[in-house]
Amino acid sequence: MKANSMRNLHVYILSGVLIVAALTIFAFKVFVTGLPLMAGTLGSAWEIEKRISFQADDGPVKLVVNIPSESQGINIVTESIVAPKYGVSRSTKNDNRQVTLSTRKASGLQTVFIRVIVSLVEKQFGETVGEPPAVSRPQLAEPQSAAARELLEIAETKSSDTATLVPQVLEQLSTEGNVAKITEAGPEVGPLARKADAAVILLALKGIAARRANGIDLKAKRGDISMQYWLEVYEDGKWEAYDVDKNEIGVPSTYLPWSRGKAPLTSLTGGRDLKSTISTIRLEQSELEMVLARGKTKRDELITFSLFSLPLATQDVYRILVVVPFGIFILVVLRNVIGVKSLGTFMPVLIALAFRETQLVWGLILFSVVVATGLLFRFYLEQLKLLLVPRLASVLIFVLLLMAVLSVLTNALGFQRGLSVALFPMVIMTMTIERVSVIWDERGPAEAITQAIGSLAIASLCYLLMTLPFIEHLFFTFPELLLVLLGATILLGRYTGYRLLELRRFRALAEEAP
Amino acid sequence: MLTAFRKLKEKGIVGLNKRNADVMLPHNPRRLYPLVDDKIKTKKLADAAGLGVPALYGVIEFSAQVRRLAKIVEPYEQFVIKPANGAGGDGIVVIKNRIGDLYQKSNGGLLSEYDLRFHIQNALGGVFSLGGQPDHVLIEYCVQFDPVFEKVAYEGVPDVRVIVFMGFPIMAMVRLPTRMSGGRANLHQGALGAGIDIASGATLSAVWRNNIIHEHPDTRAPVNGVAIPGWQRILEIAAQTHDLTGLGYLGIDIVLDRDRGPLILELNARPGLNIQIANRAGLQPRLDAVQRTSNSTLSIADRVDFARQQFGVRSQFSNQSVGVPQSICLQ
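Residue numbers (our numbering), protein chains in the order written: chain A, 1 to 514; chain B, 1 to 331.
A portion of the hints provided could be inaccurate.
[As the list claims (entries may be wrong)] Keeping only pairs whose Cα atoms sit at most 25 angstroms apart, straight-line, the calculated BS3-like set for lysine-lysine is: (1) Lys29(A) / Lys296(A); (2) Lys9(B) / Lys341(A); (3) Lys71(B) / Lys385(A); (4) Lys9(B) / Lys385(A); (5) Lys151(B) / Lys385(A).
[To be verified] Far from chain A by the CB rule (all over 12 angstroms, computed), these chain B residues: (6) Asn20; (7) Gly52; (8) Glu61; (9) Ser106; (10) Asp115; (11) Pro147; (12) Asp257; (13) Arg260; (14) Arg270.
Note that these hints are calculated values from the structure, not bench results. None of the values given here were measured: they were computed from a predicted structure. Even glycine gets a Cβ: it sits at the ideal position worked out from N, Cα and C.
Could you build the full structure based on these sequences and the hints that come with them?
Laid out in structure tokens, this is it:
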């Protein structure tokens with residue numbers, strides 16, 4: 001008895017470890033990687049294309065382009081740069097991601113494209129912001145310095161902390177002419193960008209890190225993509241976005257930051273007539289595809305080493321294979337907890353797999369027709385007194401012929417489904433015929449038919465559960481759940497309680513007074 | 001439903017899962033199974049230990065030897081054909097008579113030599129063996145059954161099944177063939193199982209197709225109160241098989257021969273659980289009692305004594321059941 005409880009403890013620990021480990025990976029993949037629980041969830045994605053064209057001066061060309069970076073609400077799924085004949089290198093400079101395109105010699109009209117697919121995400125855990133940025137106090141000339149002090153003083157009296165100071169600063173800068181008192185007019189930026197710049201200077205005087213963000217609104221109407229500017233202020237370990245038009249905290253989640261600071265989005269040496277246009281398209285893409293594409297771009301090991309990394313044809317095979325353990329698990333429950341008998345240990349699951357192709361009703365009809373006709377043939381063979389293995393082989397050949405005839409007949413009658421009889425495992429059907437006929441001889445027709453119908457019922461149940469799209473998606477996307485099944489199966493392996501049907505078997509004893 | 005489960009548990013009824021996981025797997029090492037699964041090995045083992053077994057007339061190991069059949073059975077009017085690895089009594093043919101060239105089965109059916117050869121061929125191919133493995137066939141002495149069961153057996157040979165746990169005979173029943181079982185003594189084929197009081201060796205009520213009954217369905221004779229002759233010897237044989245095979249949980253099938261006394265028919269490493277219905281008692285308390293003694297050095301006689309003291313049915317129960325038999329067929 002002691003050995004018994006030690007063994008049970010071992011089993012509990014083993015299956016506990018398996019189940020907990022698997023569920024941990026599962027939770028990580030759902031909550032952090034963002035793999036969707038349901039198949040076919042549509043995500044919000046946009047394809048953004050920036051088209052840059054210029055005239056090259058018949059010499060070396062260097063083009064530095066800012067590319068969008070991720071923000072709290074936006075993930076970059078993929079990005080690609082279409083610039084033939086140009087060398088491409090990526091770098092990060094002053095919070096900006098840049099692509100440098102360079103070539104020894106180019107002449108005439110040059111066009112390059114930068115395509116980025118981004119998706120909106122609901123949740124984003126732990127935005128990565130490193131050390132607090134160093135703030136260098138701006139050295140202002142006297143008129144600006146006095147104006148800045150005055151504006152800050154008013155703003156400070158109406159606020160208590162950074163979160164309330166920033167809107168007040170913006171409020172002060174909204175007054176006509178106040179921005180001009182702080183900054184000089186830049187060449188190509190609009191009034192909101194200047195206002196943001198002025199706010200950055202004022203906040204720097206208070207030792208608060210801030211920066212201008214330049215980007216686009218994904219929700220903007222097509223053909224009307226203008227640059228949007230907003231202010232980002234470093235508060236409590238993260239960058240908070242402020243709307244410089246409405247003077248309040250927060251910008252729409254569809255704002256995609258393209259660059260930060262005053263540096264121009266694009267800079268060109270060795271060319272002229274630089275033009276760029278940005279267009280966005282809303283994509284109907286499943287959330288799953290987006291997460292996968294993003295994982296591949298970022299070299300996420302969970303995605304790189306998942307079933308999704310396999311060639312498509314192999315993936316299709318595994319889509320079917322991963323649900324087999326689920327069917328087997330159902331069978332274990334039916335046999336060891338319920339106590340149902342079936343012909344052959346795993347036969348119902350194999351039949352259920354064949355039902356995938358035939359669909360349930362046709363599968364049941366075809367299977368019954370083949371097994372019943374095969375049984376007739378088997379009874380006929382009984383008279384010939386054939387030896388076991390040649391007899392099995394004869395039945396198998398007969399089963400194959402029968403399948404061929406059924407395919408031809410149903411095809412001629414116009415039932416396409418009938419063709420799928422070819423996908424039935426013929427060895428399984430042959431063994432089923434043999435088993436049924438032996439039981440028929442030994443235990444009588446009633447028992448044989450009961451067991452055959454029982455097996456078909458189990459197969460149907462397995463089929464119905466195994467083909468739920470939810471189940472297939474779950475086990476293919478999260479194969480670690482197979483470890484949960486393994487753990488549960490090991491647990492069931494030490495289930496020593498009664499089977500449900502034993503209640504019926506021992507009912508005479510249960511009804512007696514003890 | 002839960003109360004039904006609780007009642008079964010209170011009675012100590014062992015279910016299939018419990019038998020497999022807690023009794024068979026820990027006490028029956030896999031490597032010992034061939035000793036009991038192969039009836040030829042079992043027979044040799046028991047014979048060497050001086051335990052009675054039905055005499056072996058011949059063994060057929062492969063197809064080409066089937067033509068020897070006539071020669072093997074020539075000296076004998078009656079004989080039994082058995083697959084060496086047959087499961088659950090399948091594939092056993094009992095020949096009671098020779099009518100000219102034909103062989104008559106115990107149920108009266110006639111077979112030609114050709115039919116018998118085909119049956120043996122099938123058995124050699126593994127039709128009746130566990131897992132369909134190729135098999136051997138043995139031809140042996142046909143037991144002349146003791147008249148003690150004359151009134152409560154329909155054709156065929158009744159046999160006594162004793163469950164032995166760690167060398168202690170803990171539960172027993174006698175399996176009585178019926179018309180339904182075709183003269184065979186296997187419960188799942190429709191034979192009757194009557195519980196036996198370990199202390200006295202007298203039969204109790206019986207189980208037939210999972211129902212508790214008190215009279216034989218064919219002969220209408222009461223099945224309870226039949227005293228098994230040589231009960232002490234049967235228990236000793238049963239206890240000794242544990243020492244021979246090393247299996248901790250074992251079912252021993254013994255037939256009572258009119259002339260030769262108790263003979264071991266076969267051993268079973270996976271004995272069924274219907275014996276609990278036949279005895280209207282669960283195995284669990286008896287398994288526990290044996291495990292509590294945890295004294296493996298007891299002699300065979302001591303173990304039998306222990307069993308007869310511990311596992312006897314309360315006297316008032318056996319008195320009552322010897323009285324007027326009632327047929328209660330619980331549905």
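Checked hints:
no.	hint	verdict
1	Lys29(A) / Lys296(A)	holds (14 angstroms)
2	Lys9(B) / Lys341(A)	holds (23 angstroms)
3	Lys71(B) / Lys385(A)	holds (22 angstroms)
4	Lys9(B) / Lys385(A)	violated (49 angstroms)
5	Lys151(B) / Lys385(A)	violated (38 angstroms)
6	Asn20	violated (8 angstroms)
7	Gly52	holds (29 angstroms)
8	Glu61	holds (15 angstroms)
9	Ser106	holds (17 angstroms)
10	Asp115	violated (8 angstroms)
11	Pro147	holds (30 angstroms)
12	Asp257	holds (27 angstroms)
13	Arg260	holds (30 angstroms)
14	Arg270	holds (16 angstroms)
Hint compliance for this structure: hints 4, 5, 6 and 10 are broken, all remaining hints hold.
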